[in-house]
Each structure stands twice: as structure tokens, then as C-alpha cells.
Amino acid sequence: MKRAFPIFAILTALLLAYAFYQAIWVAPMERTMGDVQRIFYYHVPSAWTAFLLFFVNLVASVIYLARRNPRADVVALVSAEVGVVFCTVVLVTGPIWARPVWGIWWTWDIRLTTTLVLWLIYVSYLVLRRFSDSSQTPKLAAVLAIFGALDVPLVYFSIWFFRTQHPQPVIGGGGSIDPRMLHVLLINWLAFSCFAIVLCWARYRLERLHREVEEAEGLESLRGVSR
Amino acid sequence: MSSLRSITVATLTKDIRLEWRSKDALNSMLFFSLLVVVIFSFSFDPNAEESREIAGGLIWVAFLFAAVVALNQTWARELRNQVLDAYRVSPAPATALFLAKALGNFILVSLLEALMAPLFVIFYNLRALGPAWQLIPVALLGTWALVVNGTFFAAMSLRTRSREIMLPLLLFPISIPAVQSMVEATRIILAGDGSARFWIVLLLTYDVVFTTACLGLFETVLQAE
Amino acid sequence: MPVTLSALVKQFGRFAALRGVDGEFDAARFYVILGDNGAGKTTLLRALAGLAQPTRGTISILGKNPHEACREIGYMAHPSLLYDEMSGLENLRYFARLYDISGDSRCEQVIRWVGLDPELSRPVGNYSQGMRQRMSLARAILHDPKILLLDEPFSNVDVHSAQEMVGLLKAMRDAGKTIFVVTHQASLLEGVADEFIWMQAGKIVDRTSGLTRSAAQ
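Just so you know, the protein sequences line up as chains A, B and C, in that order. Start counting the first sequence at 38; every next residue gets the next number (the numbering used here). Start counting the second sequence at 2; every next residue gets the next number (the numbering used here). Start counting the third sequence at 276; every next residue gets the next number (the numbering used here).
Among the hints, erroneous ones may be present.
[What the hints assert, rightly or not] Calculated cross-link-like contacts (lysine to any residue; reagent style SDA-like; alpha-carbon spacing at most 20 Å):
| id | chain 1 | residue 1 | chain 2 | residue 2 |
| --- | --- | --- | --- | --- |
| 1 | A | K39 | A | T49 |
| 2 | C | K421 | C | K478 |
| 3 | C | K478 | C | D449 |
| 4 | C | K421 | C | G400 |
| 5 | B | K24 | C | K478 |
| 6 | C | K478 | C | S335 |
| 7 | C | K339 | B | V209 |
| 8 | B | K24 | C | G400 |
| 9 | C | K478 | A | E252 |
| 10 | C | K478 | A | L256 |
| 11 | C | K478 | A | A253 |
| 12 | B | K24 | C | E365 |
| 13 | C | K478 | C | F300 |
| 14 | B | K24 | C | L337 |
[As the list claims (entries may be wrong)] Computed footprint of chain A on chain B, listed as stretches where at least three residues anywhere in the stretch have a Cβ under 8 Å from a Cβ of chain A:
| id | stretch |
| --- | --- |
| 15 | 75 to 86 |
| 16 | 180 to 192 |
| 17 | 199 to 208 |
| 18 | 212 to 224 |
Just so you know, these hints were derived from the structure itself, not from any lab. All residues carry an ideal CB built from backbone N, CA and C; glycine is no exception.
Could you build the full structure based on these sequences and the hints that come with them?
Right, dumping it as C-alpha cells:
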């Protein structure tokens with residue numbers, strides 16, 4: 038298992054480089070938007086990866102509440118942290134793309150807005166984890182994750198209906214996509230997913246070690262103190 | 002089940018009695034609500050045309066801030082003298098405690114709204130061009146949406162540092178669909194601009210989903226030390 | 276054995292308050308738990324009451340875990356666990372509802388038994404510490420529990436009230452209750468307690484029948 042990680046990490050780096058090459062040089066230029074459109078290959082896969090990670094967080098949280106399995110809690114923490122990173126990428130690339138193309142920084146586009154709310158929910162999740170006493174944090178965080186997950190469909194519906202009342206520009210357009218672009222998009226998504234796995238894996242190991250040290254310290258350190 | 006109801010009622014009456022006896026908290030909350038309305042009026046010039054457009058948003062944001070102040074208060078009472086421990090060691094169910102606190106908060110926040118709403122109407126010269134009676138279900142469902150999650154997250158915040166800031170931090174993101182529904186529904190009713198039915202149904206759905214979640218998960222939060 | 280602890284560990288992050296506590300405790304006995312600050316006495320009591328979830332290990336109270344046995348457990352601590360703005364009787368009336376006890380008679384009986392007046396309408400917040408701790412004791416025994424857990428009950432209490440409370444506890448032990456008291460004022464309990472439990476750094480290091488320990492510190 039120890040060997041697997043560096044090998045996987047190197048492969049991921051290669052895949053990312055290849056995906057970059059595909060996105061910037063190989064993919065065809067978009068008719069109306071020009072080169073700026075290439076940010077699409079970062080914006081969309083980041084979003085999919087973020088949503089996937091938040092789903093992992095939900096599953097891990099439910100497992101933790103049901104079984105009190107400490108590893109599930111570590112998975113929940115790790116997937117939330119990495120998920121927030123990818124979510125931030127989506128929120129930053131969105132306006133960067135929107136401004137030159139549509140002339141506005143932000144739009145209450147359904148996907149972008151849902152992403153924003155998800156980001157807010159998971160940042161509040163991370164703040165809760167940071168601010169609460171370590172013995173009870175896993176339980177409280179898992180409960181919050183479930184609340185967040187229940188909220189997401191409601192957020193989606195409320196924005197969807199709002200937009201039918203107040204039409205807004207849509208970032209990225211709705212229509213069909215050129216199969217060559219789809220191909221590049223999928224390559225980038227694969228690369229991003231692997232990158233997410235690398236980050237989660239490394240963070241997971243780090244957190245496990247950190248907790249083992251904490252536990253050992255707690256049980257052993259007082260031995261020198263007791264008379 | 003009868004013990005659940007009787008414990009909920011007993012806890013609620015106890016809370017009302019305690020709130021009544023320490024009127025300072027109530028009075029300062031009422032005054033705070035008044036201040037919020039006045040500050041909003043200074044910040045958002047109540048010209049008749051625009052005011053009806055933004056009144057829906059303003060009034061609910063004002064209620065949200067007043068609610069957060071109230072919500073932070075109600076658990077504080079259980080921490081003095083560690084009384085919450087006495088509840089936790091008893092056989093009384095956690096859900097009864099939650100319901101009692103949520104209902105108490107609902108009454109308190111409704112009281113604040115009953116004070117603030119007429120002031121808004123006066124300062125902004127509001128008139129409902131649509132069916133005004135619909136504002137009642139919107140107010141009831143909307144207030145419950147804020148209060149049910151607010152009570153739950155206030156209990157969660159008890160176990161954290163920076164307790165007072167934790168509550169709005171946790172509550173605001175999760176409340177976004179509810180706040181949007183309340184604001185849109187109010188705007189539609191005041192402006193007479195279509196049907197608010199979708200938003201009322203969404204509020205109802207929000208309330209059902211989160212009331213169930215709160216009742217189901219409160220035990221876990223209560224027993225967290 | 277009414278109360279059994281097995282390999283009990285309680286960790287708060289980096290700090291281990293209990294580092295492997297074992298013990299068996301009999302019915303109708305008066306146990307006093309002693310030790311320096313930070314030895315884990317309060318944590319042990321809270322774990323017995325069901326207020327602190329063990330990280331590892333088990334607690335068995337009358338064959339059940341603390342939550343299941345809650346009707347048989349009475350808990351009292353240095354804070355009063357009472358509402359300052361209500362009178363003693365109003366407080367007890369509320370807590371009686373939590374235990375499915377209806378009517379005032381039990382509440383009044385218990386208040387009289389601890390030496391206070393049920394008719395007193397003064398809010399508990401205005402009581403002296405001695406009165407407050409006695410009312411807290413009344414709350415703890417309202418439902419006639421078999422096991423009593425008291426954490427620093429005599430702290431800041433005048434000598435007369437403290438001695439009266441000791442008398443009440445002795446009577447309860449004689450009536451068959453199992454009593455655990457955590458205190459720094461062990462001299463009050465000499466002659467009444469059946470066993471002294473000495474704790475240090477999260478473990479029980481000794482159990483003696485008198486207040487002197489043979490082993491060197």
C-alpha cells in the first residue's frame with residue numbers, strides 16, 4: 038500500500054499534464070468566446086469533483102453516526118476539506134470566465150448559485166470542526182453534514198423557480214457540446230478526480246497519524262508525571 | 002407519548018415563567034428589534050415604488066437578525082448552574098426538550114415580529130396589492146423554518162468556542178432556501194405579482210424536512226458533552 | 276455488584292482524564308472518592324451519571340448502562356442544577372414531571388426531609404450556599420434513586436449545613452442506597468464512609484477503609 042501512493046501520485050501528475058495539454062492546445066477554439074472558453078475545462082470538472090466529494094462526506098457522516106467508526110470521521114473531514122478547495126476553484130473560475138464573455142462578474146445561474154451555497158455550508162462545517170471540543174466534534178459535524186445534504190435539493194429548487202420568474206444569463210450555455218470538447222472535458226475530469234484522490238489520500242494518512250499521536254500522548258504522557 | 006407531551010408542556014411553561022420573571026432579556030430584545038427597523042429605514046430610503054419591491058427582503062432580514070439574538074438567549078438559561086445536566090440525567094426524552102425550546106423560541110420570535118411588522122408597514126407605507134391573508138401562512142411557516150433550525154444549531158453551538166457567532170454561522174447557509182422563499186412570497190403578495198403558492202409549498206417542505214431532521218438528531222447533539 | 280467499572284478510559288483530545296479504571300462497588304455502601312485536582316474524580320462521577328461518554332471500557336449500573344439506569348441514579352454537583360429565578364418547590368415540581376412524578380406531596384416531603392421549608396417562595400438564587408446545596412440534594416433524591424452521585428456537595432457550605440447533609444447521607448446509606456461522594460473535605464465523612472477510593476492521574480490507586488494510606492505518596 039505504501040508503494041502505491043507515490044506511483045499513483047506520479048501517474049496523476051502525468052495525467053494532469055496531459056489533460057492541460059489537451060485543454061489548452063488540442064481542444065478546438067470555441068466560436069464565439071475564443072480562448073477564454075478553455076477555462077470551461079477547469080470550471081466544470083472542478084464542480085463535478087466537488088459534488089462527488091461532498092457526496093462522499095455525506096456517506097461517511099451517516100456511517101459515522103450509525104457505527105461510530107472513527108475512520109469514517111476522518112474520511113468525512115478529508116472529503117470536506119478537499120471538496121471546499123475544488124468548490125473554491127469553481128467559484129473563482131466562474132466570474133473569471135463570465136466577465137470577458139458576458140460582461141458581468143456574477144449571475145444567479147442555478148449551478149453557480151448552488152455551488153456557492155454548498156461552499157458556504159461546507160465552510161461552516163469546517164468552522165464547526167475547528168471550533169468545537171475534539172471529543173464531540175465528529176458527532177456534531179456528522180449531524181451538520183446531514184443537514185447540509187438535506188438542504189441542497191431545497192436550494193436547487195428554490196433557485197430554479199426563482200430563475201423562471203427572473204430570467205438570468207446562464208454561464209456556459211445550455212446546448213449540446215462538440216464531441217471533441219466533450220472528450221477533453223472527460224479527460225480533465227478524470228485527471229481532477231485522480232488529483233482529488235491523491236489529496237484525500239495524503240490528508241487521510243496525515244490525519245490518522247495525527248490522531249494516533251494524540252491518543253498515545255494522552256495515555257502515556259502522564260506516566261512520567263504520576264509519582 | 003403522553004409523557005412526551007406533558008414534559009414538553011411542562012418545559013415550555015417553565016421557560017415562559019422564567020422569561021417573564023427576568024423581563025430584562027425580553028425588554029432588551031424588543032428594543033433591539035425596534036432599532037433594527039429604524040436602522041433599515043435610514044439605510045433604505047422608503048420611497049413608495051421601490052419600497053414595495055424590497056420590503057419583502059428587508060422585513061425578513063430584520064426578523065432574521067432579531068431571531069438570532071433571541072435564539073442565543075434561550076439556551077443560555079440552561080447553562081447557568083449546569084441545569085442542563087439535570088435534564089440529561091433524567092429519563093425525559095431529548096425530543097421533548099427540543100420541542101419545548103423550539104416552541105418557546107417560536108412564541109418569542111413571533112412576538113418580536115408582531116412588534117416589527119407594523120413599524121415596517123408604517124415607515125414604508127406598505128400596502129398589500131395581492132391577497133394579504135397569504136402573509137399569515139408565510140409568516141408562520143417562515144418563522145418556524147428559522148426557529149426550528151435556529152434552536153437546533155444554538156444547542157450545537159453550546160459545545161463550541163465563540164458560541165454567539167457560531168449560531169448565525171451555521172444557521173445562515175442552511176436557511177438560504179427558506180429565506181429566499183419568505184422574501185419572494187412576501188414580495189409577490191405585496192406587489193400583487195403572480196402566485197406565491199410555489200414558495201409557500203417550498204417553505205412547508207423545508208419545515209417538514211428539517212423538523213423531522215431536528216427531532217431525529219437532537220438526542221445526539223444533547224448527549225454530546 | 277450494583278456498580279462495576281471495567282477498563283474505563285475517557286479522553287478529551289490530547290488529555291486522558293481516565294486512563295483505565297476498574298472497580299466493583301457494593302450496594303448500601305458509602306464511598307468517598309479522593310485525589311488531587313485533575314485526578315479524574317469529576318470525570319468518573321460524570322461517566323457514572325451518563326453525562327460523559329467513555330472513550331473505551333464499560334460501566335455497568337444495576338446491570339445496565341448509565342442511560343438505561345437513569346431512574347436509579349441521582350446526581351448532584353457543585354453548581355446547583357436548579358433555576359435561580361424559581362422557588363425551591365417550583366423547581367422540584369418541574370423536575371418531578373421529568374420523572375413522571377405527579378402532585379406536590381413527594382416534592383414537599385423531600386424538601387422537608389432536607390431541612391427546608393416547602394412554602395418558602397424566595398427564589399433559589401437568593402438562598403445561602405448551604406440551603407442551595409440542600410435543595411439540590413432534594414432534587415437529586417426526588418425519584419428515590421438507588422445510587423447517589425455527589426460531586427463536591429460541601430464546597431462553600433457552612434459547617435452546620437454540611438454536618439446535617441452528612442447525617443442525611445448516612446441515613447440514606449442505612450436505608451440501602453449506594454452513595455459516591457467526591458470531596459476535598461474528607462474529614463467530614465470519617466466515621467460515616469465505608470470506603471475511601473484514592474485516585475491519581477486517571478486511575479484508582481488505592482482503596483482504604485480509613486483516611487490514612489499505608490503506601491508512601
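Cross-check of the supplied hints:
For the given pair, A:K39 sits about 16 Å from A:T49 by alpha-carbon distance, which is consistent with the 20 Å threshold. Using a Cα cut-off of 20 Å, the hinted pair C:K421 and C:K478 is violated, with the two alpha carbons roughly 25 Å apart. Under the criterion of a C-alpha separation no larger than 20 Å, the hint pairing C:K478 with C:D449 is inconsistent with the structure, at around 29 Å. Our distance criterion of 20 Å between C-alpha atoms is broken by C:K421 and C:G400, whose separation comes to about 29 Å.
With a CA separation close to 47 Å, the supplied pair B:K24 and C:K478 exceeds the 20 Å bound. Restraint check: the Cα-Cα separation between C:K478 and C:S335 comes to about 18 Å, which is no more than 20 Å; the hinted pair holds. With a C-alpha separation of about 36 Å, the suggested pairing of C:K339 with B:V209 is violated against the 20 Å cut-off. Taken as a hint, the B:K24 and C:G400 pair is honoured in the structure, with Cα atoms around 16 Å apart against an allowance of 20 Å.
As the CA atoms of C:K478 and A:E252 are separated by approximately 17 Å, the hinted pair is consistent with the 20 Å bound. Between C:K478 and A:L256, the direct Cα distance comes to roughly 11 Å. Compliance with the 20 Å bound is thereby established for this hinted pair. The suggested pairing of C:K478 with A:A253 holds, with an alpha-carbon distance near 16 Å, which does not exceed 20 Å. The suggested pairing of B:K24 with C:E365 holds, with an alpha-carbon distance near 19 Å, which does not exceed 20 Å.
A hinted pair counts as satisfied when its Cα atoms are at most 20 Å apart, and C:K478 with C:F300 qualifies at roughly 16 Å. About 45 Å separates the Cα atoms of B:K24 and C:L337, which puts this hinted pair outside 20 Å; it is violated. Counting residues of the stretch 75 to 86 of chain B whose C-beta lies closer than 8 Å to any C-beta of chain A gives 0; at least three are required, and the coverage claim is violated. Under a criterion of three residues with beta carbons nearer than 8 Å to beta carbons of chain A, the stated coverage of the stretch 180 to 192 of chain B is upheld, 3 such residues being counted.
Under a criterion of three residues with beta carbons nearer than 8 Å to beta carbons of chain A, the stated coverage of the stretch 199 to 208 of chain B is upheld, 5 such residues being counted. Remark: the stretch 212 to 224 of chain B is confirmed as covered by chain A, as 4 of its residues place a Cβ nearer than 8 Å to a Cβ of that chain, reaching the required three.
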